[in-house]
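*Asks:* So you can see what is in the structure, the chains are spelled out below.
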Amino acid sequence: MVKYDPKAWFALIFHSYSRQVLRLLLPGLIFMLVYTFGIAYLILDYFKLHFVSTTAVHSLLGIVLGLFLVFRVNSAYDRWWEGRKLWGLLVNNTRNLAAKVSSFLPESDTASRNFFAQMIPNFVVAMKEHLRKGVNLADLDIVEEDFLKRLKGKEHIPNMISLMLYERVNKLYKDKELTGEQLFVIDKEIKEFSDILGGCERIKNTPIPYSYSMYIKKFIFTFTVTLPFAFITEFGYWTIPIVLLIFFILVSVELIAEEIEDPFGGDTNDLPIDELSEKIKNNVREILLRD
Amino acid sequence: MVKYDPKAWFALIFHSYSRQVLRLLLPGLIFMLVYTFGIAYLILDYFKLHFVSTTAVHSLLGIVLGLFLVFRVNSAYDRWWEGRKLWGLLVNNTRNLAAKVSSFLPESDTASRNFFAQMIPNFVVAMKEHLRKGVNLADLDIVEEDFLKRLKGKEHIPNMISLMLYERVNKLYKDKELTGEQLFVIDKEIKEFSDILGGCERIKNTPIPYSYSMYIKKFIFTFTVTLPFAFITEFGYWTIPIVLLIFFILVSVELIAEEIEDPFGGDTNDLPIDELSEKIKNNVREILLRD
Amino acid sequence: MVKYDPKAWFALIFHSYSRQVLRLLLPGLIFMLVYTFGIAYLILDYFKLHFVSTTAVHSLLGIVLGLFLVFRVNSAYDRWWEGRKLWGLLVNNTRNLAAKVSSFLPESDTASRNFFAQMIPNFVVAMKEHLRKGVNLADLDIVEEDFLKRLKGKEHIPNMISLMLYERVNKLYKDKELTGEQLFVIDKEIKEFSDILGGCERIKNTPIPYSYSMYIKKFIFTFTVTLPFAFITEFGYWTIPIVLLIFFILVSVELIAEEIEDPFGGDTNDLPIDELSEKIKNNVREILLRD
Amino acid sequence: MVKYDPKAWFALIFHSYSRQVLRLLLPGLIFMLVYTFGIAYLILDYFKLHFVSTTAVHSLLGIVLGLFLVFRVNSAYDRWWEGRKLWGLLVNNTRNLAAKVSSFLPESDTASRNFFAQMIPNFVVAMKEHLRKGVNLADLDIVEEDFLKRLKGKEHIPNMISLMLYERVNKLYKDKELTGEQLFVIDKEIKEFSDILGGCERIKNTPIPYSYSMYIKKFIFTFTVTLPFAFITEFGYWTIPIVLLIFFILVSVELIAEEIEDPFGGDTNDLPIDELSEKIKNNVREILLRD
Amino acid sequence: MVKYDPKAWFALIFHSYSRQVLRLLLPGLIFMLVYTFGIAYLILDYFKLHFVSTTAVHSLLGIVLGLFLVFRVNSAYDRWWEGRKLWGLLVNNTRNLAAKVSSFLPESDTASRNFFAQMIPNFVVAMKEHLRKGVNLADLDIVEEDFLKRLKGKEHIPNMISLMLYERVNKLYKDKELTGEQLFVIDKEIKEFSDILGGCERIKNTPIPYSYSMYIKKFIFTFTVTLPFAFITEFGYWTIPIVLLIFFILVSVELIAEEIEDPFGGDTNDLPIDELSEKIKNNVREILLRD
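Residue numbers (UniProt numbering), protein chains in the order written: chain X, 1 to 291; chain R, 1 to 291; chain U, 1 to 291; chain L, 1 to 291; chain Z, 1 to 291.
These are calculated hints, taken from the structure and not from any lab test.
Check before you lean on any hint, since a few could be wrong.
Note that identical chains are pooled: a pair holds if it fits in a single copy or bridges any two copies.
Straight-line Cα separation of at most 25 Å, SDA-like style, residue types lysine to any residue; simulated pairs [stated by the list, open to error]:
1. Lys204 to Leu276
2. Lys191 to Trp81
3. Lys174 to Val143
4. Lys218 to Ile30
5. Lys218 to Val34
6. Lys149 to Glu167
7. Lys85 to Asp262
8. Lys133 to Lys279
9. Lys85 to Lys204
10. Lys133 to Glu278
11. Lys281 to Val185
12. Lys188 to Glu167
13. Lys133 to Glu201
14. Lys154 to Glu286
15. Lys174 to Glu286
16. Lys218 to Trp81
17. Lys154 to Pro272
18. Lys281 to Thr110
19. Lys171 to Glu107
20. Lys85 to Lys281
21. Lys149 to Lys279
22. Lys154 to Asn205
23. Lys176 to Pro106
24. Lys204 to Asp78
Please build the complete structure, drawing on both the sequences and the hints.
*Replies:* Spelled out as C-alpha cells, the structure:
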C-alpha cells in the first residue's frame, strides 16, 4: 500500500494512476480516439451526412450507468474495507492469544513459549501468502523437527498450522498445564483465526457474479460506442475530446473497482498486509519472550 | 459457477449472456422490434400523423426506473453474497467440528471417527441437494445399518442428519467419552449448522414481495411500450434502434437480478456449492482419518 | 403469501395489483382524470389561456421525489425482510429447543414431552395471532388443567406462554432432571423466543415517523396536482394520459411500500406465517413424540 | 408519539406539520415570498432588465442537493430506528430480568421481590428522563431508606440505579440465595441495560458533524436564493409560486430530518417512550408480584 | 468538538467553515476566478471566438460526480459514526469494569482499588493520545514504582497498559481473591478494550484507497476546468459566478469528507474524546473510591 496524504490535492490530480489501471485505460483511450475520429471523418467529410442527433438517450442512459458504477465502486470498497477489518481483527487476536498464553503458562516453560512465539507468526505469514500466490514453506520458521514434513504436500498450509496450534493447546490441557476454563478461553481465539481466514478466502475467491460483471462491461461498451452519434452533427470534430473525456471518466471507475476488489495483492491500493504481519511478529515475540 | 477473469474486458463484452437470460431477452427484443416498426410504419407512412412529442416524460421516468433497477440488482446481489457467506461459514464450521471431534476422541475410536467422517459430508450433500431439487438418498454415504431406514420418507433430510449427529454426540457424553465442556463446545458447532441451513432456506424460499416484483415489471413494460411515441416524430425509423438499445439495457438488469437472486442452482452465476461440498468432504476426511 | 413465479413476466405485467393497492389507486386515478380534464378544458377551451410552461421544475422535483420513493420502498422491504429473518430464526429455534429437550429428557417422561410438544406450537400460534388481531384462546392446545385459567384476561398471551415454558424448565432443573449446563443451554433458546417476539412487535407497532410519512404524501400530492400545468400548453388534451401515467407510476410505489411494511397480515404480500407455524408444529411433534 | 393511520392519505396531505417544523418553515416561506417578489419587481418593472437565464445550473445542483437531502433524512431515520430498537430491547430485557429473578428467588422473599419490582421501573424512568431534561428524583419509587440520599447530587442517576441493582444481586450471591450460574445469567441482563443506555446517550448527544450540517444549510440557502434568477426572464411573476414550491419541498426535508434525529423528546414524531416505560412497569410488577 | 445547535439555521448559514476547509477552499476559489476570467477574456474579447457550447455533457457528468460525492461524504460519515460508537462502548466498558472490580474486591483492598482507579483512566488517556500524536508519558498517572520504567521506549503504550491490567487480574486470581467465574467476567471487559482500540486504529490508519481518492480529485478537477466552456458562449462574463458557485458546492463536499473521515483529532468536527476521557476518569473514580 502506498502511503499518501489524502489532502494533497495537487499531487493526487496530476499523479498518474497505477500501472494496472493504465495498462487497460490507455489502449481503450487510443481505440476511442481512432474510432471517434473515423466516425467523424466518415460522417462529416466523406459521406457528408446530415441527420438529427440527440443527447437525450445518452443523458438518460448515462445517469443509469453512473448509478451502476457508483454502486459498483462502493461494493468493491466494501470488500476492501471488510478485508481491512478482518486483518485488524487478526492483529487483535494474535495479541490476545499471545497475552493469554503468556499469563497462563509458567515463566519456566520456554519450550511452549517458543512454540507459540513462532507458530502464531507462522500462521499469519502462511495466511498472507495463501491469499496471494500460495505458501512457500521456506518463509516459515521451523518450530519442531517434523514441522516441514507434516506441511509438505498439503494444499492448505494455514489450516494445518491452525490444527497444530490446536493440538498443542489440547496437549497442554491433557497434561494439566491448562485448566478447562483456560482451554475454553484460548480455544475461542484460535477459532476466530479460522473465521478470519475463511472471510479473507471468501473475498479473494468470489468475484462479483459473472452476468453482473458482463452486464456492466457491455453497458459501458454500448454506451461509449454509440456516444459519437449523439454529438457529431452539432459539434463536428469537437466530438472527439468530448467522447474521450466521458470515456475516461466512466471507464476509470470500473477499472478502479476491479483493482480495489481484491485487496490482498502487493499493489498500490492493496492493504498493508506485509507490514501488518511484520508488526504481528514483533508484538507476539515481545509479549511471549520477555527475557 | 463459471470461472472467469473479471479483467478480460474483450471476452466479457462479446461473450453472450447465459441461456436463461437470453431465453427471456430474445423474444422481448423481437417483440419490441416488430412493435416499434409497426408503430413507426402506422404513424409515419400509413396515417402520416404529425404530433408534438417529448422525451421529457421518459427522461424523468427513466431515471426513476433506473434507480429502481439499480436497487433491485443490488438487493439481489446482497442475497447472493449472503448465500456465499453462509457457505463460507459452513466450510469453517465443518472444519472446526472435525478438528474438535478428532482431538477429543481417542485415536483408537475408529467407529466414531468413521461416523463423523461420513456424516458431516452427508449433511453438506443433503443440504446442497435440499436447496436444489430435493435429496436423492443414493447420494449419501451409508453410515450405519438403519441409516437409510430412518431417512426414508422424511421430508427434511438435512434436519434428520443434524439430529443424528446430535444424538451421537449426546451418547458419547453419556458414555463419558466427552466431558460436559467438550459437549458444550461441539454443540455450538452443530447449532451453527442449523442456522446456516435456515439462512439458505430463507434465501431460497423467499422471492421479493409479489407486489414489488409486479410493480417493476409493469413499470418496465409501460415505459418501453410508450417509448416509441417519444422519439417517432423527430427521428423517424431511427426510433427502432434507439428503442431496442434502451430496452436491452433496462430489461437485462431485471433478468440478471432474477438470475442472481437464487444462488444455489447449477447455473453460470450460481455459487460453486458443488466444489465447496467436495472440498469439505476432503478436508473433513483428511482431519479425521489420518492413518 | 401468494406463491408466484418471479420469472413469469407475462402474468406479472397483466395481473392486477392486490385489492388493497387498487382500493386506493383507482379513486386517485379517477380523481386525476377528472381534475386534469377539468384543467385542460378550462385552460384550452373555456378561458383559452396561453402561457409559457416548462417541464424543468417537475423534472427536477420528479427526480428528488423518485429518490425518496426508491428509498421509501427499500426501507419497507428491509422491514419485510427483517420480519422474514425473525420467523426463519423462530423455525430454527423451535427445532433446536425440541431437539435439545428430546435428547435431555428420558424416553419415559411422556408428561414433559407432551408438555413441550404442545407448548412450543402454542407459543408460535399465540405470537402469530398477537401480531394480527389478538389471540383467540380457542386456537391453542390445552396443555394442563389450569392452562386457560392462567391465560384468561391477560393482555400479552405469548409472554405468558414463554413464562410457563420457563417455569417448567426451572422445575425440571430443581427436580434434578436437568443439569445446570442443560438448563443454561435450554435457557438460551427460550430467551431467543422473547427476542424474536420483541423484534416482530417492533416492526408491527412502529410505522415510519409521522412527519416523514406526511411529507412524502404531501410531496406526491403537490407534484401531481401541479403536473398538468407543465404540459398543458404544449400537449393540449394529450396531457391527460401523460399525467395519469406519471401518477400511476409514482403513487403505486408508495402504496406498495405501505403494504409491504407490515408483513404479518394475511395479504398476498405478507409473509407465509400461517404455513410456517403449521410447519413448526409438525417438526416439533415429529422430534418430541416419536413413538 | 402521535398514533396515526399511515394509509389515511387525505388526512396526511391536508393536516399541517408539527409546530416545530412550521415554526421554522413559515418565516422561511415569508422571507422567500418577499425576496422573490422584490427581485421580480426590480428586474421586471424597475430596471426592466433583459438577460439570458437558464435552469441548467439549478437542475444539476438540484439533483445533487436532492441526493444529499435524501441521504440526510435517511440517516436521521436510521438513528430514530436505532433508538426504537434499543427501547424494544429494553422492554425485552426488563421482562427477562424480572422472569429470571422471579423464578430464582423463593416465593417467600418478598423483600427482594419488591426491590426488583420497584428498581427495574425506576431504572427505566430515570433513563427516560435522563434522555430528556434530567431526572427529577420525585418521579422515582422510593425503595429503601437511604435510596434518595444515595442518589442526591449525583449527575448520572440511571448509572447509580444500575449499580444498586448490581450490588443487590451480588449480595444475594454472597448470601448463597443465588448460585454462580444464576449470577452469571442475571449479570448478562444488567450489563445489557448499560449498553442500551449508552446507545441512547450516543444518539442523543451526537448531532451530525458540524461542517456537514453547515454545508447542507449553506447549500440550501445558496440554491434557493439564486433560484429566482433562473426563472425570472421566462416566467415573470409566475416565478414566485415556482420558487416557493421548490423552497417548500426542499426545506421541509431538512426540518423533518432535524426533528426525527433526536427521537427521545415528547413531540409528535418522537418514540412512544412514555408508553413503553408504563408498559414495562406493569409487565415487571405482574411477573414479580403475583399474589 | 464544537457544541452547536443544529436548528440554528441563521448562524449555520453565515458562519464560515473551519480553518482547515477554508485553507484549501479559498486558493481553489481564487484560482477558478482567475482561470475563468482568463478563459472568458480570451474567448470573448481577445479571439472573439464563436462556437456551439452545450451544458449536456456537464449535466450528465455532474450528476455522476454528485453521486460519487454523496457516497463519499456518507462513507466518511460512517467512519465518524463508527468512531463515535467505539468511544461510546469504551465509556460503557470502563464503567462496567469498574463496577465489577468494585463489587468483587473487598472494601479493604485499597491497593487494588487504587490500581484500577488509576490504570483504567490511564488506558483511556493513552489510547486517546495514541490516536493523535503519540503518548506523552507525563500525561499518565503513576501507579506503581516501575510503572514508567516498563512503558519507556515501548512503541505501543495502550497495549502495554492493557497487558498490565491483565496481569493484575491474573495475579488476583492466583491469590484466590477472584474466583474462576469472576476472572472470566472481568477478562471479557478487558478483551473488549483491545477490540475498541483496534477498531479506532483501523479508522485512523486506513484512508480510502489511493486510486479511489485520486479518481475523485481528478474527476472534480477535470469537471471544473472544462466547466467554463459549457457556459461561455451563452452567458458571457456571467459564466464566472456560475462556475464559482458550482465549484464551491462540489469542492466543499470533498473537503468536508476529508475532515470528517479522521475523527480523533482536536478539530471542530472531531469527536469529543477529550471530554469523554475526562468523564470516564470521574466515573471510574466515583465507583471505585467511594469513601
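*Asks:* Taking the hints in turn, state whether each one holds.
*Replies:* Evaluation of the provided hints:
no. : hint             : result
1   : Lys204 to Leu276 : both (18 Å within a copy, 15 Å between copies)
2   : Lys191 to Trp81  : both (22 Å within a copy, 23 Å between copies)
3   : Lys174 to Val143 : within (21 Å within a copy, 31 Å between copies)
4   : Lys218 to Ile30  : both (19 Å within a copy, 20 Å between copies)
5   : Lys218 to Val34  : both (20 Å within a copy, 24 Å between copies)
6   : Lys149 to Glu167 : within (16 Å within a copy, 37 Å between copies)
7   : Lys85 to Asp262  : both (14 Å within a copy, 16 Å between copies)
8   : Lys133 to Lys279 : both (21 Å within a copy, 19 Å between copies)
9   : Lys85 to Lys204  : both (14 Å within a copy, 12 Å between copies)
10  : Lys133 to Glu278 : both (19 Å within a copy, 22 Å between copies)
11  : Lys281 to Val185 : within (22 Å within a copy, 29 Å between copies)
12  : Lys188 to Glu167 : both (14 Å within a copy, 20 Å between copies)
13  : Lys133 to Glu201 : within (13 Å within a copy, 28 Å between copies)
14  : Lys154 to Glu286 : between (31 Å within a copy, 10 Å between copies)
15  : Lys174 to Glu286 : between (28 Å within a copy, 23 Å between copies)
16  : Lys218 to Trp81  : between (28 Å within a copy, 22 Å between copies)
17  : Lys154 to Pro272 : between (27 Å within a copy, 22 Å between copies)
18  : Lys281 to Thr110 : within (17 Å within a copy, 38 Å between copies)
19  : Lys171 to Glu107 : both (18 Å within a copy, 14 Å between copies)
20  : Lys85 to Lys281  : within (19 Å within a copy, 29 Å between copies)
21  : Lys149 to Lys279 : between (28 Å within a copy, 23 Å between copies)
22  : Lys154 to Asn205 : within (19 Å within a copy, 36 Å between copies)
23  : Lys176 to Pro106 : both (12 Å within a copy, 17 Å between copies)
24  : Lys204 to Asp78  : both (13 Å within a copy, 17 Å between copies)
Checked against the numbered hints given earlier, this structure breaks none of them.
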